[in-house]
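Enquirer: Sequence:
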Amino acid sequence: MIPTEPTDSGAQSPEPARPGFEIEDLTVGAHAHGFGRSDGRTFAFRVRKSMLFVEVYGEYCEHSVPTPADVVATAERSVTDIDLTDERSIAGVVRDAVLSTEADWSQPGPGDGVRDGDGRSLPTVRAVLNRLGSIIDSVR
Numbered sequence: 001m002i003p004t005e006p007t008d009s010g011a012q013s014p015e016p017a018r019p020g021f022e023i024e025d026l027t028v029g030a031h032a033h034g035f036g037r038s039d040g041r042t043f044a045f046r047v048r049k050s051m052l053f054v055e056v057y058g059e060y061c062e063h064s065v066p067t068p069a070d071v072v073a074t075a076e077r078s079v080t081d082i083d084l085t086d087e088r089s090i091a092g093v094v095r096d097a098v099l100s101t102e103a104d105w106s107q108p109g110p111g112d113g114v115r116d117g118d119g120r121s122l123p124t125v126r127a128v129l130n131r132l133g134s135i136i137d138s139v140r
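If you're matching positions, the sequence shown starts at 1 in UniProt numbering and goes up one per residue.
Derived DEER-like restraints, expressed as beta-carbon distance ranges:
1. G133 <-> G29: 17 to 27 Å
2. R140 <-> G20: 36 to 46 Å
3. D39 <-> V139: 36 to 46 Å
4. R140 <-> E59: 34 to 44 Å
5. R88 <-> V139: 27 to 37 Å
6. G20 <-> I136: 34 to 44 Å
7. V28 <-> E76: 14 to 24 Å
8. E102 <-> N130: 17 to 27 Å
9. R37 <-> V139: 31 to 41 Å
If you're looking for bench data, these hints aren't it; they were derived computationally from the structure. What you are looking at is a predicted structure, and each value in this text was computed from that prediction instead of being measured. Backbone N, C-alpha and C fix where the C-beta goes; we use that ideal spot for every residue, glycine too.
Modelling step: build the complete structure from the supplied sequences, incorporating the hints.
Expert: This is how it looks when you write it as structure tokens:
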């Protein structure tokens with residue numbers, strides 16, 4: 001587990017400032033990846049090319065390996081200015097990406113998944129855009 005909260009003189013506070021955020025597994029390098037928990041939800045991340053991709057899964061994921069239907073929010077970040085050999089750098093970018101999705105999954109809309117003002121399912125739209133992006137990247 002990678003600590004994500006600063007501590008004073010080595011003493012642990014009874015409750016961290018941001019309860020529930022932890023990275024359970026992190027592999028560094030050009031293809032960094034890992035998983036963790038934030039406020040009771042699990043997330044996974046991976047680096048492909050120069051982008052960090054984060055998927056946040058539903059609170060009650062029914063499978064030990066989440067399916068695309070379990071994704072409630074996604075985030076992407078550029079990692080061109082990040083040291084991918086440093087756990088703290090990767091953990092910081094992942095934490096920021098996961099917390100940026102918090103608004104998406106903390107206020108679910110009607111039906112399955114988060115919806116925008118037009119009633120479209122955001123995870124589905126994001127999934128389609130992610131697939132289109134990977135197709136475009138493979139053509140380059």
